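Q: Sequence:
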Amino acid sequence: MWLGLSGRFRARWSARIHDEWKRNLLINRPDISAEQLDRTSDLMDRAIPGALVTGFEPLMTGLALPDPNDNHVLAAAIRCHASVIVTFNERDFPSDVLDAFGMEAQHPDVFAENLFDLDPACVVAAAQRQRRQLKSPPMEVDHYLDILRRQGLNQTVKALSAFRGVL
Numbered sequence: 120m121w122l123g124l125s126g127r128f129r130a131r132w133s134a135r136i137h138d139e140w141k142r143n144l145l146i147n148r149p150d151i152s153a154e155q156l157d158r159t160s161d162l163m164d165r166a167i168p169g170a171l172v173t174g175f176e177p178l179m180t181g182l183a184l185p186d187p188n189d190n191h192v193l194a195a196a197i198r199c200h201a202s203v204i205v206t207f208n209e210r211d212f213p214s215d216v217l218d219a220f221g222m223e224a225q226h227p228d229v230f231a232e233n234l235f236d237l238d239p240a241c242v243v244a245a246a247q248r249q250r251r252q253l254k255s256p257p258m259e260v261d262h263y264l265d266i267l268r269r270q271g272l273n274q275t276v277k278a279l280s281a282f283r284g285v286l
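Residue numbers (the numbering used here): 120 to 286.
To be clear, the hints were calculated from the coordinates, so they are not data collected in a lab.
Careful: at least some of the hints might be erroneous.
[Claimed, not checked] Straight-line Cα separation of at most 20 Å, EDC-like style, residue types lysine to aspartate or glutamate; simulated pairs:
id, residue 1, residue 2
1, 141, 189
2, 254, 265
3, 277, 236
4, 141, 164
5, 277, 238
6, 141, 161
7, 141, 154
8, 277, 265
9, 141, 157
10, 277, 259
11, 277, 261
12, 254, 150
13, 277, 232
The structure presented is a predicted model; accordingly, all values stated were derived computationally and were not measured.
With these hints in hand, go ahead and build the complete structure from the sequences.
A: Listed below in C-alpha cells is the structure:
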C-alpha cells in the first residue's frame, strides 16, 4: 500500500481481487478476523481513489487463462488499461495471452526491483513507513527484512539491505 500511495504507479484492484486475498489470508492467518480484513480493504479503497475497478465482468467472456478462476484479474486489468499484473503466480498469466492486451505479469519482487531502479527513495520510504506502522510489537529491521525474504522478495531485500540504517 505504501508503494501504491507513492504515486510512482497506479495501483488497481477489484472487489473480487479483495475477496481472493482476504479468503487466502483468513486461511493462513486464523488470528485475523474477516471484519478486520473488510476494514482493511475499505481503507485501501479510500486511500487510493479510483483504485477499485468495476465494470469488468463482461470482458471475462472469451478470456482463456490456464486457471479460469483468474479471468476476473485479467478482465479488470483490461478494463483499467493496466500494463502490468503484479502476481506471485506468473505462470497463471502466460505472456502469449497477455501480449494480446499489451500487458505483462510481474512477480512482486521484480515489480519492486523495477520501482527501485526508477526511484530508490520511493521504495525505501515505503519500506520505512510500512515497518514503522508495525507497532504491536515494534518490528526490528532485520526481522522485517526476513519477513520480506520469506515472502519471496529476495531482490527487494537485497536492495533494501543497503539502507538498513534508515529503515
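Q: Within 20 Å, alpha carbon to alpha carbon, are residue 141 and residue 189?
A: holds (15 Å)
Q: Residue 141 and residue 154 were given as a pair; does the straight-line alpha-carbon distance stay at or below 20 Å?
A: With Cα atoms ~10 Å apart, residue 141 and residue 154 stay inside 20 Å; holds.
Q: Between residue 277 and residue 232, is the straight-line Cα distance small enough, at 20 Å or below?
A: Holds. Residue 277 to residue 232 sits at ~10 Å (cutoff 20 Å).
Q: CA of residue 254 to CA of residue 265, is that 20 Å or under?
A: holds (17 Å)
Q: Checking one constraint from the list: CA of residue 141 to CA of residue 161, max 20 Å. Satisfied?
A: Given pair residue 141, residue 161 holds - Cα atoms ~12 Å apart, limit 20 Å.
Q: Taken at face value, is the distance from the CA of residue 259 to the CA of residue 277 at most 20 Å?
A: Roughly 17 Å between the alpha carbons, so the hint for residue 277 and residue 259 holds.
Q: Run the distance test for residue 277 versus residue 261: straight-line Cα separation, threshold 20 Å.
A: holds (12 Å)
Q: Hinted pair, alpha-carbon criterion (20 Å max): residue 141, residue 157. Please report holds or violated.
A: holds (8 Å)
Q: Decide if the proposed pair is consistent with the structure: residue 141 and residue 164, CA atoms, cutoff 20 Å inclusive.
A: Holds. Residue 141 to residue 164 sits at ~14 Å (cutoff 20 Å).
Q: Starting from residue 254, check that the Cα of residue 150 is at most 20 Å away, please.
A: Cα-Cα ~17 Å, so holds.
Q: Hint check: residue 277 vs residue 238, CA-CA at most 20 Å. Holds or violated?
A: holds (16 Å)
Q: Take the C-alpha atoms of residue 277 and residue 265, compute the straight-line distance between them, and say whether it is at most 20 Å.
A: holds (11 Å)
Consistency note: the structure conflicts with none of the earlier hints.
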